[in-house]
Each structure stands twice: as structure tokens, then as C-alpha cells.
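There are 2 protein chains.
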Amino acid sequence: MKIIQYTNVNAVHYGSEEAKGIAARVVIGKNDGAENFCMRVFEFSPGGYSRRHSHDWEHEMFIHSGRGEFYSEGQWYSAITGDVVFIPSNEEHQIRNPDEELLIIVCPLASKAPEL
Amino acid sequence: MKIIQYTNVNAVHYGSEEAKGIAARVVIGKNDGAENFCMRVFEFSPGGYSRRHSHDWEHEMFIHSGRGEFYSEGQWYSAITGDVVFIPSNEEHQIRNPDEELLIIVCPLASKAPEL
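Going down the list, the protein sequences come from chains A and B. Count the first sequence with my numbering and you get residues 6 to 121, in order. Count the second sequence with my numbering and you get residues 6 to 121, in order.
Since the hints were derived computationally from the structure, they do not count as laboratory data. Check each hint, because a few of them may be wrong.
A pair holds if it fits inside one copy or across any two, identical chains being indistinguishable in the list.
The calculated lysine-lysine pairs, modelled on BS3-like cross-linking and capped at a C-alpha distance of 25 Å, are [stated by the list, open to error]:
| id | residue 1 | residue 2 |
| --- | --- | --- |
| 1 | Lys35 | Lys7 |
| 2 | Lys117 | Lys35 |
| 3 | Lys7 | Lys117 |
These numbers were taken from a predicted model, which means no experiment stands behind them.
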């Protein structure tokens, strides 16, 4: 068994024009022996956003803290602490943090996808 | 895209001697078209506990709120809000809530396993 506070895992920081203000952590992954999916935790700083893209695996997210906006099919939708967000395979999506507090998202991912 | 507050999903309640004080919710699953894994959220009431068991799929958990104790290889370990817990396949495990506040755990699961 492994127990670790997610902030004690090294983060990858995204800071380009395409995706910025994101700290991404693979908190459980193939290195731990996780065979079927990994677990990532993303922190979006105020004003941070991800790249708009799509891929052939689904997203399943849990909002641990803060509020995010999620792009889907031409519109933005709001999700708050305690919300879960499901984005089916191949649906174009993007995430942004419109607020002044940190947005923290738990985002497991199927092992057929790159962990980050 | 689907966005829902996890408490708005119907819960299954465990209340036997073997496992008690647990409200279990499949917040994203096969019914949504999630192919690779599902997402469950468990609430453990104060004094609640799960069954001690093992199975051939891993657990990857994120503590959303509260503090839990996790049994592994003869000992109990504590995990708090923001901790992640990895339990490898086939490792015997059990969870209990020793505190007076609700323990809330995000627990995705590989689709080869039953959702609950």
C-alpha cells in the first residue's frame, strides 16, 4: 500500500499560451504497478486553462476544490466542489479556472493513454 | 458531457455487521458509456467500515474529506484529506472511519470489476 499527500508528488507545470497555469501530478501510475488506469491531480491557478482537444479515451473527473468551467459542444459549463464531470471519448473539451481560488481536479485516466 | 454533484446520485447503503455505515455511489459508469473504468464515491459515517477482502484489481483512492484508516499487511495506516491511497491487486485491505466527521473517498475502479 502507498499513501501520499498529493502535493508531495512532483508536479509538471504547463505555462505556454496553449495551456497555462496548470500543475499536473501523476499521483498513482504505472510505476506503482497500476495496470488499468492511473490517477492524476491537476491544480489550475486563477486564469489557468488547458488546451482544447479531443482523444479516443474518456475523462472522469472529480472537483476536489474550487470551481471550473468546462467546454463542450460550443458552450461552457460550470462545475463546483463535489461535482463529477464525464467527457465521453472523442468529445472536444477544455477546462479553465475563472475564479480567484485554486481549482483542484482528481482525474484518473485509462492506461491506454499517456499518463500526462 | 455530464456534470452532477455526487450527492445527487442515488446511494447504496451498507449496514451489515460485515460492512456498515457506508453510502456508495457510482457517479460515472458503464451506463454513461465509460469503457475503461468507473468512478465511485464512498461516504463512511463515523465508526463505519468496509469488509476486509482482496481481489485481482487495484484500488486507487483520493481522500476528498475527513480521515480514514486503511488496513494492509497486519497494520492500520492513517490517510487524511488530499492523500491518495494505492492498494495493489490481491492485497488484503479494509477501510474504517475512526473520527467524528464524515470520510469521503473518490474511488475509481477498472471496468473488469463489478461497479459496486
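Okay, the hints, checked on the actual structure:
no.	hint	result
1	Lys35 with Lys7	within (13 Å within a copy, 28 Å between copies)
2	Lys117 with Lys35	both (11 Å within a copy, 18 Å between copies)
3	Lys7 with Lys117	both (23 Å within a copy, 22 Å between copies)
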